[in-house]
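**Student:** Residue strings, one per chain:
Protein chains: 2
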Amino acid sequence: MIYTDIATAAVAFREQIDRAQRILLLTHVNPDGDALGSLLGAYHALRDSGKEPIALASSALPSYCMGLPGVEAVHVYQRGDPLPEADLVWMLDTASLSRVGLIFDEHRATLASRPLIITDHHVTNDGGGSVNLIDPSAASTADLLFRLLRAMGLPVSPAAATCLTVGVITDTQSFQTSSTTPQTLRTAADLLETGADLRALIGAVYFSIPESTMRLSALVLNAMRREGALAWATVTRAQLALTGASDEASDDTITQLQRMAGVRVCVLFKERADGTVKISLRSVPGINVAAIALTWGGGGHTQAAGATLPMPLAEAFDAVLPLLRAALAESATA
Amino acid sequence: MIYTDIATAAVAFREQIDRAQRILLLTHVNPDGDALGSLLGAYHALRDSGKEPIALASSALPSYCMGLPGVEAVHVYQRGDPLPEADLVWMLDTASLSRVGLIFDEHRATLASRPLIITDHHVTNDGGGSVNLIDPSAASTADLLFRLLRAMGLPVSPAAATCLTVGVITDTQSFQTSSTTPQTLRTAADLLETGADLRALIGAVYFSIPESTMRLSALVLNAMRREGALAWATVTRAQLALTGASDEASDDTITQLQRMAGVRVCVLFKERADGTVKISLRSVPGINVAAIALTWGGGGHTQAAGATLPMPLAEAFDAVLPLLRAALAESATA
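So the sequences go chain by chain: A and B. Using this note's numbering, read the first sequence as starting at 32 and increasing by one per residue. Using this note's numbering, read the second sequence as starting at 32 and increasing by one per residue.
Hints are computed from structural coordinates only; laboratory data are not their basis. Be aware that one or more of the hints could be misleading.
[Said to hold, decoys possible] Only some residues are given here: those of chain B computed to face chain A with a beta carbon under 7 Å:
| hint | residue |
| --- | --- |
| 1 | 137 |
| 2 | 216 |
| 3 | 219 |
Owing to the predicted nature of the structure, the values given are computational and were not obtained by experimental measurement. From the three backbone atoms N, C-alpha and C, an ideal C-beta is built for every residue, glycine too.
Turn these sequences into a full structure, and let the hints guide you.
**Tutor:** Here's what the structure looks like:
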């Protein structure tokens, strides 16, 4: 059953949870703030209700989440690990079981045999649980989950509220995405009143940038290129070596390009250790970068997409930039 | 009379407004988003009530506000301009009449002779009006003003809501300052529901950075210096000339330094055209940078302060950095 209404969903969710004691909590691979915040929010609420929740992540947690209350309880799954026993599986912020990653790959049959409930805000969610709450109008799964927990009458402690708030903040880029609604802001207000430590979260998410990331960003933006409404920049292996920054350190640089006045489409070229080039694309409405990413088997959203190109940097420029120029020209005449 | 309670204040404000027809709206010199957003919010509400508001600014408006509805009605005062006739003066987001700048300097006596009402959130407000609503717990004056307008029963149009929202967003740095409360988020939710165009505002405030500012920021951060919990950077005349950026373009760079992991105190040195050096200081709680700024007659808040040093860059480094090192050492032993 797929629910979009929280009050109705709460009855069905509560029934499943009441029936279970050990509840396995799962989320998507490469968990972001919303994935982990939701996982931990559910963990706290269940534990505080006398249940035995097991929080399992398929891969490493984001560094800005390492200070979250209860984060030490999250087990990061390793190849070959057994699947913990559980009466119920609750999957959060994840469009389908396959997105759980390695845990799914190695325990597909066992997972399929267990009762599954799902809470998510992805429009692509296939609703594969016996009870599903899927609301794409929610800016984050944490937002939806908070309201569900309250509707179920489960306790939401200050610790749970802090974990849920990290999801609300990161999935909206601090209330700057177009998905931000009055509901998003009211949920955030309620979470603060419930005791969420907003100051600590803002510090961890926005005021804990590694020096190496800052230096890499300066180098990359220094060499940024601009051509009318098109902007691009490059992260080379040499720059990574010079600054000591990690491969993920430049993840935010594409947003910097996007923040420039007059930019309608931008791309970040990232030289990978294996000789390929990863591109990240952003655009304004009217320019579909997902279609461009698809040229190399990539994908994403209409306004934010990516792909990996099996060629050196110089060739990647020649392959990508003409397509972006053409897309710009086409959007100008549309 | 100084009010902190909105419902009570609304009665007194309404009485003053009902009695007047031409109402002069003033705010502080170098108006920021909250100053101008509040000025325009009041302007719309009064005009939509059949009054004749006059919006007067003492100096140039921020570029990200130039798209606000009604901004063309704001008159920027020039030296020698007459003071417009008015039955009532409403001063917004301004701690005292002297902070209005040139208008006050040139029309002090006339201003003093007119009935004055004040709406503000600055803790330093001297409450010099006949009716004052001063609430330092409000994260922005726009937040306070929105609730006051509603309590007075004045109309708040979508245009007014958009103007007020720019104040709510900029004074909280997109809900990231410690002044952000559940009330702040609920006001923002109400403003969105009233029709505020959040998407356009976010675009104007956060996604319209001039290319020259971005290039200046990259140059400055590239040469950033770090010494344990201390970070500093320098904006030179040469960098400004090279990038074509304005003197104000580096205003956000100090925040970049502050966002780095492990930074407890930071300073940006800005070489001015007149041979002086302007410093901007930021710190974590426990380190009072206002006290340091006071050394050169500067000031500000405990965690954010500034001063102008009558000396060349090299001397400014030697004057400022030892004080910051000492403040850090002292806070470590405290």
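**Student:** All hints, please: hold or fail.
**Tutor:** Hints, verified against the model:
no., hint, verdict
1, 137, "violated, 35 Å"
2, 216, "holds, 4 Å"
3, 219, "holds, 5 Å"
Checked against the numbered hints above, the structure breaks only hint 1 and satisfies the rest.
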